[in-house]
Amino acid sequence: MDDSATVQRCLKGEPDAFRMLLERYQGRALGHAIAIIRNRDDAQDAVQEAFLNAHRALHTFDRERVFYSWFYAILRNCCYKLLARRRMDAVDHAVRLDLLESPTLPVDDRLAIERALAGLSPTDREVVMLRHFDGLSYAELAASLGIPIGTVMSRLFNARKRLRDGLSGGLAPAQTGER
Amino acid sequence: METPRCDAIVLSAMAWMDGEVAPIDRAEIDAHMLTCRHCASEIAALRLLAERLAPASRAAVTGDVWPAIEAHLDRPRAIPAGLVLTAAAVFLLAWRALEAAAMDPLTWWTRPVTVGVAALLFLCLRVNPFRVEPRLV
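Listed in order, the protein sequences are those of chains A and B.
Each residue of the first sequence is one higher than the one before, starting from 159 at the first, in our numbering.
Each residue of the second sequence is one higher than the one before, starting from 1450 at the first, in our numbering.
Honestly, the hints are just simulated from the structure, not real lab data.
It is possible that part of the hints are untrue.
Claimed, not checked - Residues of chain B clear of chain A, computed beta-carbon distances all greater than 10 Å:
{"no.": "1", "residue": "M1463"}
{"no.": "2", "residue": "R1475"}
{"no.": "3", "residue": "R1486"}
{"no.": "4", "residue": "L1502"}
{"no.": "5", "residue": "A1505"}
{"no.": "6", "residue": "A1509"}
{"no.": "7", "residue": "A1546"}
{"no.": "8", "residue": "L1547"}
{"no.": "9", "residue": "T1563"}
Claimed, not checked - Label pairs and their computed distance ranges (CB to CB):
{"no.": "10", "chain 1": "B", "residue 1": "A1550", "chain 2": "A", "residue 2": "D220", "range": "50 to 56 Å"}
{"no.": "11", "chain 1": "B", "residue 1": "L1542", "chain 2": "A", "residue 2": "N316", "range": "17 to 23 Å"}
{"no.": "12", "chain 1": "B", "residue 1": "L1542", "chain 2": "A", "residue 2": "D160", "range": "51 to 57 Å"}
{"no.": "13", "chain 1": "A", "residue 1": "D220", "chain 2": "B", "residue 2": "W1465", "range": "31 to 37 Å"}
{"no.": "14", "chain 1": "A", "residue 1": "D220", "chain 2": "B", "residue 2": "A1494", "range": "36 to 42 Å"}
{"no.": "15", "chain 1": "B", "residue 1": "A1520", "chain 2": "A", "residue 2": "A163", "range": "47 to 53 Å"}
{"no.": "16", "chain 1": "B", "residue 1": "D1467", "chain 2": "A", "residue 2": "N235", "range": "25 to 31 Å"}
{"no.": "17", "chain 1": "B", "residue 1": "T1452", "chain 2": "A", "residue 2": "M159", "range": "53 to 59 Å"}
{"no.": "18", "chain 1": "A", "residue 1": "A242", "chain 2": "B", "residue 2": "D1467", "range": "27 to 33 Å"}
{"no.": "19", "chain 1": "A", "residue 1": "K170", "chain 2": "B", "residue 2": "A1493", "range": "51 to 57 Å"}
These figures come from a predicted structure and were not determined experimentally.
For every residue, glycine included, the Cβ atom is placed at its ideal position computed from N, Cα and C.
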């Protein structure tokens, strides 16, 4: 059953339908939230809050749209609100996130990439991960992040530059709080 | 040498590299790259980065948030405290106004005004005087 039909069932009051949506997307949402927040427990809280908000706002969902991109806007809003509330300015580079996997990449290389990603600000990390690991196009990035394509380009360029700096030695200083 | 056009050229070259449509024509970018070392090295570095990241993918994350969500879905949504306070203030105000209307004409206006000012303060400050501050307990 596709997302549109599942949403329709939710709106009719079928309790299992929302659970179906949640089970379809919770892993992906958790991965995205961890990438932004860098803390699994907090990410779990953000995902819960996002699904609850989505449930309340389900009647506003345009069924012509892709469900997850609509939900992602709610999720990132919850993530940044939680970040602001908890003031997680200090990035702990020692925390291993295990954001990535690769059967071919040597473990040291993967860890180096993870460390460099961890050193980025949440917004930089988000745009880099959405582009490189989710394969979003510029138009999809613009829709997901709620910014114009020109801003996507400059944000992506700057984020990549900082990631490059992080990979080539000293980690770039994290800049939290910007969006 | 870096020129004022370099920033726009690099962004467009990056877009082409990513398989996107760029605002600047490919031929212009190629011509610029031949003469500008700065832009050429920027794009080469971006290409290297993309190659380095290519073998990695996002790790699958598992977790079940349904139990926590289900508990909230069953519960009716709590009425915001501000709404309750506002309703209480309006009710008190109306009550006092009704009471005052039956009083001595010289003093009838004093009590509603007092209650009104208190209600306004209540609304503006949004402070619940009955709230126990947990940090102080």
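**Item:** Violating hint indices (sorted, rising)
**Value:** 1, 4, 5, 6, 11, 15
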